[in-house]
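Engineer: Letter by letter, the chains look like this.
4 protein chains.
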Amino acid sequence: MRLVKVNRSNEYHELKDLNFNIQLEGDFLTVHTEGDNSKVLPTDTMKNTVYALARQNDIVEIEKFALLMTEHFLSNNPQVSRAVVKITEKIWRRIKVDGKSHPHAFIQCGDEKRTTKIKATREKKIIESGIDDLMVLKTTDSGFVGFIKDPFTTLPEATDRIFATIVRAGWVYTSEEIDFGECWNEARRLLIETFAAHNSLSVQQTLYAMGERVLNERKEISEISLSMPNKHCLPVDLSRFEMDNPNEIFLPIDEPHGLIEATLRRG
Amino acid sequence: MRLVKVNRSNEYHELKDLNFNIQLEGDFLTVHTEGDNSKVLPTDTMKNTVYALARQNDIVEIEKFALLMTEHFLSNNPQVSRAVVKITEKIWRRIKVDGKSHPHAFIQCGDEKRTTKIKATREKKIIESGIDDLMVLKTTDSGFVGFIKDPFTTLPEATDRIFATIVRAGWVYTSEEIDFGECWNEARRLLIETFAAHNSLSVQQTLYAMGERVLNERKEISEISLSMPNKHCLPVDLSRFEMDNPNEIFLPIDEPHGLIEATLRRG
Amino acid sequence: MRLVKVNRSNEYHELKDLNFNIQLEGDFLTVHTEGDNSKVLPTDTMKNTVYALARQNDIVEIEKFALLMTEHFLSNNPQVSRAVVKITEKIWRRIKVDGKSHPHAFIQCGDEKRTTKIKATREKKIIESGIDDLMVLKTTDSGFVGFIKDPFTTLPEATDRIFATIVRAGWVYTSEEIDFGECWNEARRLLIETFAAHNSLSVQQTLYAMGERVLNERKEISEISLSMPNKHCLPVDLSRFEMDNPNEIFLPIDEPHGLIEATLRRG
Amino acid sequence: MRLVKVNRSNEYHELKDLNFNIQLEGDFLTVHTEGDNSKVLPTDTMKNTVYALARQNDIVEIEKFALLMTEHFLSNNPQVSRAVVKITEKIWRRIKVDGKSHPHAFIQCGDEKRTTKIKATREKKIIESGIDDLMVLKTTDSGFVGFIKDPFTTLPEATDRIFATIVRAGWVYTSEEIDFGECWNEARRLLIETFAAHNSLSVQQTLYAMGERVLNERKEISEISLSMPNKHCLPVDLSRFEMDNPNEIFLPIDEPHGLIEATLRRG
Chain A
0 MRLVKVNRSN
10 EYHELKDLNF
20 NIQLEGDFLT
30 VHTEGDNSKV
40 LPTDTMKNTV
50 YALARQNDIV
60 EIEKFALLMT
70 EHFLSNNPQV
80 SRAVVKITEK
90 IWRRIKVDGK
100 SHPHAFIQCG
110 DEKRTTKIKA
120 TREKKIIESG
130 IDDLMVLKTT
140 DSGFVGFIKD
150 PFTTLPEATD
160 RIFATIVRAG
170 WVYTSEEIDF
180 GECWNEARRL
190 LIETFAAHNS
200 LSVQQTLYAM
210 GERVLNERKE
220 ISEISLSMPN
230 KHCLPVDLSR
240 FEMDNPNEIF
250 LPIDEPHGLI
260 EATLRRG
Chain B
0 MRLVKVNRSN
10 EYHELKDLNF
20 NIQLEGDFLT
30 VHTEGDNSKV
40 LPTDTMKNTV
50 YALARQNDIV
60 EIEKFALLMT
70 EHFLSNNPQV
80 SRAVVKITEK
90 IWRRIKVDGK
100 SHPHAFIQCG
110 DEKRTTKIKA
120 TREKKIIESG
130 IDDLMVLKTT
140 DSGFVGFIKD
150 PFTTLPEATD
160 RIFATIVRAG
170 WVYTSEEIDF
180 GECWNEARRL
190 LIETFAAHNS
200 LSVQQTLYAM
210 GERVLNERKE
220 ISEISLSMPN
230 KHCLPVDLSR
240 FEMDNPNEIF
250 LPIDEPHGLI
260 EATLRRG
Chain C
0 MRLVKVNRSN
10 EYHELKDLNF
20 NIQLEGDFLT
30 VHTEGDNSKV
40 LPTDTMKNTV
50 YALARQNDIV
60 EIEKFALLMT
70 EHFLSNNPQV
80 SRAVVKITEK
90 IWRRIKVDGK
100 SHPHAFIQCG
110 DEKRTTKIKA
120 TREKKIIESG
130 IDDLMVLKTT
140 DSGFVGFIKD
150 PFTTLPEATD
160 RIFATIVRAG
170 WVYTSEEIDF
180 GECWNEARRL
190 LIETFAAHNS
200 LSVQQTLYAM
210 GERVLNERKE
220 ISEISLSMPN
230 KHCLPVDLSR
240 FEMDNPNEIF
250 LPIDEPHGLI
260 EATLRRG
Chain D
0 MRLVKVNRSN
10 EYHELKDLNF
20 NIQLEGDFLT
30 VHTEGDNSKV
40 LPTDTMKNTV
50 YALARQNDIV
60 EIEKFALLMT
70 EHFLSNNPQV
80 SRAVVKITEK
90 IWRRIKVDGK
100 SHPHAFIQCG
110 DEKRTTKIKA
120 TREKKIIESG
130 IDDLMVLKTT
140 DSGFVGFIKD
150 PFTTLPEATD
160 RIFATIVRAG
170 WVYTSEEIDF
180 GECWNEARRL
190 LIETFAAHNS
200 LSVQQTLYAM
210 GERVLNERKE
220 ISEISLSMPN
230 KHCLPVDLSR
240 FEMDNPNEIF
250 LPIDEPHGLI
260 EATLRRG
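Residue numbers (numbering that gives the first Met the number 0), protein chains in the order written: chain A, 0 to 266; chain B, 0 to 266; chain C, 0 to 266; chain D, 0 to 266.
In isolation and in its complexed conformation, chain A is listed as follows (with noise of 0.2 Å):
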């Protein structure tokens, strides 16, 4: 379910659109088997308390929103064990008029958000920030070599290809007592940057190598996923038109792409 808030505290808006997904697990057996009701919360309430709560209290971070979320239904849920709360936030930025920032109108960034997803029992609370749908591509500094030759292999080597990419990114944080924007902002830079200056082997390794490098330099994050999809952009064989292809003209493929998926976690 989706949500737009606007904070007209100052005269320059902040502007949050949010779409949330809750799911609340527990003992709902009898629901099952003998259609009683009586510990179900309906999806229309779930919709309810978003805007209550969302009215309520300042959502700055999402993190600590979808928290506030997880914690709400806890309380006041007995028959629920276990609340999961994901938020994803689309990206605005103020439109610059006269080069300077506007304070109340805004132009979206694209398909990239910023993520969230709490997973919290009374006693745990797992917070799992990221990515989804960054596209990101890089024309030169990858290759792909020495993989398996079989009967049916007809892919040639390339040390020089095209590498394009959507990634999504899920991290997890090892305490509630964090800066969530700030760590996003540079957790999304390192991926963005090690991906920019990897030279790359496969798409593997440059997930690899991104993966670790945040690990490495934000001790706040003690695991980190990543899903890459090789996105294929074909060189075109012209040479049926008597032409070279100097790794030029590329067909763009959706399908089929490999997924490359892995999970790295603090040693």
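One or more hints might be untrue.
All copies of an identical chain are treated as equivalent in the list; a pair is satisfied when it fits inside any one copy or across any two copies.
Below, simulated DSS-like cross-link-like pairs (lysine-lysine); rule was C-alpha separation at most 30 Å, straight line [as the list claims (entries may be wrong)]: (1) K116 / K230; (2) K112 / K95; (3) K63 / K148; (4) K148 / K116; (5) K95 / K218.
Hints in this document: simulated from the structure, not taken from any laboratory.
Please build the complex by placing chains B, C and D on the supplied structure of chain A, with the hints as guidance.
Structural biologist: Positioned in the frame of chain A, the structure of chains B, C and D alone reads:
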């Protein structure tokens, strides 16, 4: 990746329209840490393998073909410890001309798909089959009352509401020696008929009844998972125009929807 | 905007699942130039109007209801000179239980939709009805040879290829006094049967034959437009694996596709 | 169809990520009526032509390349009387590493696209350029009052509402001798700045102001069309929970939305 196969050996052509998802697990540590690709089977080769195996083998039941694929990957790749192959089949039926089935012209039966997923190690195979995107709706025999009331509750109790959902089902077979086609058709029939006939006190209860019916009647199935989002159709308040709405005019909404999921196992 | 209407007057409920698109044209100059909203009927009011009219009137054929809607908007809005109402109907059929049609449980028949578009002024109405997203495929009786060869031609001639397309059709009726349901069913049948039976030399030729057949057999139709993207299924080259491909293994692709469109009018 | 072109002639690689749509019109009657394909240039050949022309020519401004493409098709195909080429360019910017633009790593700037459409006959060319999927939002300086009240009106007047839209713009140039890149950037800037600064009485009025501003300031543009769906953000009624909502909590909805469109021409 997609594949269409046409069997032309009879006057009545057979058509298979399949989508494949292949996942190979094993020891790929040095791929990530050192860029050593010597154990990597490229996506491109997997794609070629599907084409070649599809040429060399009949594809009647997708379960048999997926089993054959996992065997291929495990036999030829010592570095792989587990192969997971998922096949999704789009369903076409023959066009009728003058009331008779046409030998080679087909019409697509919407979004509904037949699926299978084989998870195979060298020791063990798990065969899961199912249905995706089966959209059903009933206009009565569905209510939702007796749920939790809290300060944020606004949903009225409904003794007669529309129940619309998009069923995704997956069930686990007890053996490889099964008539997969007949069993799929029967499981599908049982799910749909139970949905239609059930006097529903909640989506959860109907989901449970559907799964239970399949487990009761098909001994070759040991476990079934169902996912049934509640695609709400809200009665429109026409009192603002001095009209009643005797459960007749509805607004279907996409968001928010309750996502109801459960897995039933033979006890 | 969407609307679901249930008619419960018989034991066998009737279900309509409709999507509306309403466009009002007229003299709206000062709305744009001066911000004068006194002639603007808000989208929200149009939505309410659909609900209220749907409550007050039976909806059997979407054409009749769309006509009624254009009349409503033209009668009540002197500033409007032309009203265009498009209705798209999702098609549901009854679930069968023990071989008998169920009175109130339905299953959706895929993506195919019945459509109508009424363009009405105070003087004249144009009634266009049609089909959207009708996906059909034939495995033989389709070729494509004799096309232009130029320096960039690589497509081989094909005397026997797969022909897959998603038909969108729209036809214009000569009058309001038509059995719209029967005519729609017949036009649909003629399109599909012609697709199946036609020995196709090109998508263009089959499209023409389909439209011609409808014009020849349905005198209440004066004009028909067809859009049929060529959803290519490319034969896979298996010679690299020392296999032949006797027109059996295909790769369906989304892009690029030729988009073939034409309008036929009675001479 | 898609094409990625990389220009590697400098250390700072240039990247073009383009989607093409090609439409050839002419006398194709016998193609339809007789299956005579001798005048048909297959889609596959058009695709190859794009690759070959992209290899043979620099692609700096998409307008220049689209012009060149229409010239190619008209020169080589006497049966074609009109060629329409549309190019849609996805926008990538350089990744910054340590504050400096990276020479060959890029990040995608969301959904926004630069477009051009050339409609060319042997006598005349119309050059239209524009923007697609530019998503903007303002949190104040937007109202909607004074609209028609009828029996189905429930929308309250709003003196301060959220205004969110996805701009699609297309403008016609007066000549081929234009700095297309500079003009596109300026037209885009004028549209966005006017959206931000305008005190909006309706979407229609703001749309008009945006178009008027471009026509006033860019003499090389003779006509501009704008399409701006009203992506409603509805204030949530929190009074049910004994809370106020001081224009702070909103529900963004996809449907229904008013689709506001207009074309402005220099008088």
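Engineer: Going through the numbered hints above, which ones does this structure break? Give me the numbers in ascending order.
Structural biologist: Of the numbered hints, all hold.
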